[in-house]
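Read top to bottom, the protein sequences are chains B and L.
Numbers 1 to 264, taken from this note's numbering, label the letters of the first sequence in order.
Numbers 1 to 280, taken from this note's numbering, label the letters of the second sequence in order.
Heads up, some of the hints might be wrong.
[To be verified] Calculated cross-link-like contacts (lysine to any residue; reagent style SDA-like; alpha-carbon spacing at most 20 angstroms):
#  : chain 1 : residue 1 : chain 2 : residue 2
1  : L       : LYS100    : B       : LEU124
2  : L       : LYS100    : B       : PRO81
3  : L       : LYS100    : L       : VAL53
4  : L       : LYS100    : B       : ALA93
5  : L       : LYS100    : B       : CYS86
6  : L       : LYS100    : L       : ARG75
7  : L       : LYS100    : B       : ALA234
8  : L       : LYS100    : B       : ASP177
9  : L       : LYS100    : B       : THR51
10 : L       : LYS100    : L       : ASP69
11 : L       : LYS100    : B       : SER21
12 : L       : LYS100    : B       : ALA5
13 : L       : LYS100    : B       : GLU13
In case anyone wonders, no lab produced these hints; they're calculated from the structure.
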Amino acid sequence: MPSLAEVQASLAEALLGSGRSDVAAMVAGDGVAPEARVDIYRHHVLASLTTALRSTYPVVRRLVGDGFFGYIAHHFITARPPTGPCLFEYGEALADFLERLPACGDLPYVGDVARLEWALNHALHAEDAVPLDLDALRSLDPAHVDGLTLRFAPSVTLLSSPWPIDTIWSANQVDADPEATVDASRGPVQLQISRRGDDVVFRRLAPAAYTFRRILLEGGGLSRAASEAAGVDAAFDVIAALHDLFTEDVLTSPPDTSGPGEPV
Amino acid sequence: MRTVAGIGLRSVHVAEVIACSPSVPWFEIHAENYLCGGPALRSLERILASYPVSVHAVGLSLGSAEGVDRRHLRRLRALIDRLQPMLVSEHLSWSTAGGKYFNHLLPVPYTPEALDRFVENVQRAQDGLGRALLIENPSSYLRFLESAIPEPEFIAELSRRTGCGLLCDLNNVYVTSVNLGLDPDAYLEALPGDRIAEFHLAGHCRNDADGVSVLIDDHGSRVAPEVWDLYAGALTRWGPRPTLIEWDTAIPALHVLMDEAQHATSLVNTLSARAHALAG
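Please take these sequences and the hints and turn them into a complete structure.
This is the structure in C-alpha cells:
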C-alpha cells in the first residue's frame with residue numbers, strides 16, 4: 001500500500017508534472033475511468049491558476065489574444081507553479097517566461113508590459129506603510145547627510161524599458177480609444193509604480209531622477225545616488241530631486257543615517 | 001452565535017456593502033485574499049465594524065504528508081488576531097506537495113496513516129492559531145483504492161482526537177455522494193452532529209467525464225433542490241447552525257445571494273416553528 005507521501009507525489013505529478021504518473025492505478029473507477037477522475041482535478045488546477053494569471057495580466061492577455069494567453073498560461077503554470085497559497089503573489093516570473101517564448105518574438109515589449117502589470121499588482125497588495133514624516137528631516141545631523149539612506153514604501157517599483165510600456169498599457173485599457181495607435185519606437189521610459197492611499201499610480205521619471213531613486217531604493221547612500229544621477233545628466237539638481245521625493249508619499253519611516261561605513 | 005444565513009463576501013460586492021449596508025447577518029471571507037495590505041484589507045476592516053465575519057482558509061493543506069507551512073500559519077494568525085472572526089474554518093484536503101501549491105482541495109486517502117497525519121496537522125494549526133478550527137468535508141471526484149475508512153467516520157475521528165469543530169457543506173455531501181455512489185442521508189447519519197458548528201450551501205454543475213455525468217462543485221449557481229432537501233433534513237436532525245451561501249464563479253448581483261440566504265433563514269424559521277409545535 002503506498003504511503004500518504006507517495007499518493008500525494010503521484011497525484012502532484014499527474015496534476016502539474018510530466019504526465020507520467022501512476023496515480024490512476026491508486027484510484028477506484030466506480031464506473032468512470034480513473035484517468036478521467038484525475039483529469040477533473042487536473043483541469044480545475046490549470047483553469048483556476050489560468051484565471052488568476054488572467055486577472056493579474058489583463059494587458060498581456062489582450063496583446064497576445066485570449067486563446068494564446070491560455071496556451072502560454074498552461075505552459076507557465078506547469079513550468080513555474082505557485083509555491084504558496086496567496087494567488088496575488090503568483091506569476092512574477094511570467095515576464096521572463098514570455099521573453100523566452102519564440103512565439104512572442106514579434107511582441108518584443110510584452111515582457112516589460114508584464115513587468116509593469118506585476119508592479120501594479122504588487123503595489124495594490126503591498127503592506128501598508130506610514131508615510132515619511134517631513135519633520136523627521138529637521139532632526140537630521142548635517143554631518144551624516146551624505147550617507148543618508150532612505151526607505152521606500154513597500155509598494156514602490158522602479159522600472160525602465162526600451163519600449164513605451166506606459167502608453168502601451170494605457171492604450172490597452174477597456175475604456176481606451178480603440179482607434180489610438182502607439183508608436184513602439186517612442187522609448188525608452190523610466191517608470192515609478194506606487195500606491196498613494198488606495199490608488200495604484202505610475203509616472204515617468206527623467207533618466208537622472210530614475211537613477212537617483214534606483215540607487216536610493218537599492219539602499220545606496222545619498223551622495224552616491226546624487227553623483228551617479230549627475231553622471232546621467234550634468235544639470236541634475238539634488239535639492240530639487242530630494243524635494244520631489246519627500247513630497248510624493250513614496251518614502252516611509254525615519255531616515256537611517258547609521259549605515260555601515262558612515263562617520264560615527 | 002448567528003444561526004441565520006450569511007453570505008460569502010466577494011470583491012465585486014464590497015463597494016455596495018460599504019455604501020448600502022445591506023441586511024446581511026454575517027459575511028465569510030477567504031483568508032488568502034487578505035494576507036496583504038492595501039485597499040482590500042482596509043475595506044474589509046470597514047465592513048468588520050458593522051458585521052460579524054468568519055474566516056475561511058483554503059491554503060493550510062492540512063492533509064499534507066509534509067506538514068503545515070509555518071510561514072502561512074503565522075500570516076493566518078496575524079490576520080485572525082486583527083479581525084477577531086466569529087469562526088475560522090479549513091478543509092479536509094491537501095493542496096501542497098513538493099513545494100508546489102495546486103490551488104485546489106485535493107482528496108486525502110482515508111487511511112490510518114493519513115488520519116494520524118491529519119490529526120497532527122490540525123493540532124499544530126490550532127496551536128499556531130490559538131483557537132479551534134472547523135474542518136469542512138470536501139467535494140470529491142475520486143476515491144483512492146486504499147481508502148479503508150468512510151469519510152464521515154474519518155471526520156468524526158478527527159474531531160474526537162483534535163477537538164476541532166465541523167463545517168458540514170451539504171452541497172459537498174451531495175456532490176461527493178453522486179460522484180462516488182454514496183447515500184447522502186447515510187453519510188449525514190454517520191457524522192457527529194454535536195460537533196457541527198456551521199453549514200455551507202452552494203450551487204454545482206453537471207459535467208461529462210468519460211461519458212458519465214459527474215457533478216462539479218463550481219459554486220456558480222443557486223443551491224440545487226436536492227441540496228435544500230439535505231439542508232432541511234440536517235436542520236430537522238441537528239437544529240440550526242450558522243449557515244453560509246457560497247458563490248465563487250459567475251458571481252451574480254448581491255441581492256441574489258441575499259435571496260438565497262433568506263431562503264435558508266426561512267427554512268430555519270419554518271422548521272423551528274414546527275419543532276416547537278411538536279414539542280408543545
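Practice task
May I ask which of the numbered hints given earlier this structure violates, with the numbers listed in increasing order?
Solution key: 1, 3, 7, 8
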